[in-house]
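All chains should be built: construct the whole structure from the sequences, respecting the hints.
Protein sequence lines, in the order shown, are assigned to chains A and B. In short: position in the first sequence from 1, add 258, done, that's my numbering. In short: position in the second sequence from 1, add 258, done, that's my numbering.
If you are wondering where the hints come from, they were derived from the structure by calculation, not from laboratory data. Note that the structure is a prediction, hence the values are computed from the model and not measured. Heads up, some of the hints might be wrong.
Chain copies aren't distinguished; within one or between two, either way the pair holds.
Below, a list of computed lysine to any residue pairs in the SDA-like style, where the Cα atoms sit at most 20 Å apart [as the list claims (entries may be wrong)]:
#, residue 1, residue 2
1, K340, T325
2, K534, G603
3, K365, G603
4, K340, T616
5, K340, G618
6, K534, R485
7, K537, T369
8, K537, V296
2 protein chains.
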Amino acid sequence: MLSVDEALAKIVETVAPLSARPVALDDALGLVLAEDVVADLDSPPFDKSLMDGFAVRSADVPDGRATLEVVETITAGGVPTKTIAGGQAARIMTGAPIPDGADAVVKIEETRFDEATGRVEIETSRCEPRTNTIVRGTNTRSGETVLRTGRRLRPQELGTLAELGRATLSAFGRPRVAILATGDELVPVGETPGAGQIRNSNETMLVAQVRRAGAEAVPLGIARDERAHLRERIEQGLACDVLLLSGGVSMGTLDLVPSELQAAGVREVFHKVHVKPGKPVWFGLRDATPERPATYVFGLPGNPVSSMVCGELFARTAIRRLTGLPHAGPRVERGQMNHPYVNRGDRPVYHPALTDTTSGQTWVTLAPWHGSSDLRATVEANAMALLLPESELTRGSPVDVVRWD
Amino acid sequence: MLSVDEALAKIVETVAPLSARPVALDDALGLVLAEDVVADLDSPPFDKSLMDGFAVRSADVPDGRATLEVVETITAGGVPTKTIAGGQAARIMTGAPIPDGADAVVKIEETRFDEATGRVEIETSRCEPRTNTIVRGTNTRSGETVLRTGRRLRPQELGTLAELGRATLSAFGRPRVAILATGDELVPVGETPGAGQIRNSNETMLVAQVRRAGAEAVPLGIARDERAHLRERIEQGLACDVLLLSGGVSMGTLDLVPSELQAAGVREVFHKVHVKPGKPVWFGLRDATPERPATYVFGLPGNPVSSMVCGELFARTAIRRLTGLPHAGPRVERGQMNHPYVNRGDRPVYHPALTDTTSGQTWVTLAPWHGSSDLRATVEANAMALLLPESELTRGSPVDVVRWD
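Printed below as a string of structure tokens:
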């Protein structure tokens, strides 16, 4: 049986990023850049004032005091028309270009302008070359590579691309993920379950997990434990980039999912991983053809916490890989146990946990948990903690966590 | 001048959560619950098998071995029709109800079923009362309060609400946030800046920040430094819950924003905060009337990093408060400096920084940064680190960070 790391490596090796395509800058949040971006101009594009005040020659203000003749006002968006000579200054706004001759700005709070004489009195503690200015090209030089392919686009990357005039850019696609819950025991959320039945909570949860991962969710409802019906829904799901099935992958006589997937041309990459919860997890793909891209298929165990954990560990890795991220695996952080815990089992356990990072260390407290059907435990958690098999942890023992929020 | 904490307290005190309204479960991701949710049934609703296998009387399998008569098959979604007597078993699927008489499940891998005789041979290491079962009501009891008002809805909360049959729920609204960049120096991202001009990168960045905060962004383009034009755009923005202006709040002659806001009936709560970058930040509101709710207005400084930092610190606190979160302030984590740093200034600095949490501690490395116009520095950062005034930090010194991603 594969270990979690082996299963993750198989996923990364099997899944190929979606094709790159042009995207409007305003639609790009959370996508991954598919090109290297080169600056088309210097940033800032000219020597610039960082303050509202007066542009001066710093040599005119050797001891912080001077009275200077004001020759013009330069607004942001305006252009200086005069060179500042000895004894002169220009009134200047934040973001406006520094006029020739001047090399520093004295902020307005340290000046007194006399309307009648057109002169400004200066009293400042500091006026050296470059004071309150920023020189052209300090942040970025024209021709420099500013962002590289594989970069996830956050507000600061988008702002930087806007500075560079990139109203469109090349990004990897946003994956479409179909969600299909299987099992005759399921009823829609709005209905009252009969004897032996439960509500289809996995669809709701997986749809939210997929959206949180930055992908588009395509919910397909409930598939009954009946071959023809299941086959039809699977075909629908195979039109997406990923198909997540929940339930139907353990060893019961009605677990039709693996055989129906095979019939639909989906080949198995792995079935079962040495992990708790989630051991029966199934992964495979329908290969790409010249007509259509590949579809990656996960059979997630039906118990809600198994489904959630396998969704975060395995399906999310496939989604990250599809979006073009170079490091697709779960983002593991190191914490330390806040209390003792013994895992007597022979499988690694991903246990609902609450992390506290307010003290300089990441303290990890396990949430009370009744096992794979106890979704409520995850509500009190913000992470899953990895408890190694046959391990005895004490307060302060190192423990790896993957955050859920 | 207010400290950052005083300014945040003013925002929390001034801003009221949006009204609660009914929301479809599928549209609720990221919203905040506005009701206490009580379980309408036990979870699980019946004693349930956690495995595919055979339901048995544990007393029949005292030393892990037995041969039992199989009286029926219980599928998930099905209902047992027989009571298990001594010497009997029922084949059972994961999620199916435990039949009367039985008290444990032996998993299928530890059994051998003989089709011809209808008998199952069992060889297991453990078969005690409750083995591989979960008892009705273990996770939740009917009538119990499962989620309380003020809870942010993540995939696990939504899954739990689905289990409870809540196809709709009461949640606080999603804020609408208008974004208006001001200044004659700005040109749209798709245009080439002329002399003295720069591209309107703040709109792109603030729109993405607002979306990342879970709110709806309403970009209003560029307002020129001209009263009538600015007034019209401000009126448009006041139709939203929040109006973010960037630029126009420092001390220059063309900084028309504060006076135009006043003319539009927006009253100042504070102007200027003891912080770097972002000192000129402005906050106020147009009070609610019987006809319309209040609008909260931020004047953010125009330099991109000032705008971003004030957006994350102040505007995001207002957004969190509007969404109904009980703790609306920035989520501060404690880390430690990875290198020495001296802040000689008299203001606290929020410095772009990179955190590393892979080692059990949060190590903080400051990004190289040329000041408030240097947006590119933030691209290499995932957090802002708070450097106190006149402080001398060494490697290992504690330092607070607010994450950006």
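Okay, the hints, checked on the actual structure:
1. K340 to T325: This pair counts as within: shortest intra-copy Cα distance 19 Å, inter-copy 103 Å.
2. K534 to G603: within (9 Å within a copy, 53 Å between copies)
3. K365 to G603: The answer is between: 16 Å across copies meets 20 Å, while 68 Å in one copy does not.
4. K340 to T616: neither (55 Å within a copy, 56 Å between copies)
5. K340 to G618: Neither. Shortest intra-copy (55 Å) and inter-copy (58 Å) distances fail the 20 Å Cα cut-off.
6. K534 to R485: Result: close neither inside a copy nor across copies, 29 Å intra and 64 Å inter.
7. K537 to T369: between (72 Å within a copy, 19 Å between copies)
8. K537 to V296: neither (47 Å within a copy, 32 Å between copies)
When held up to the earlier numbered hints, the structure conflicts with 4, 5, 6, 8 and fits the remainder.
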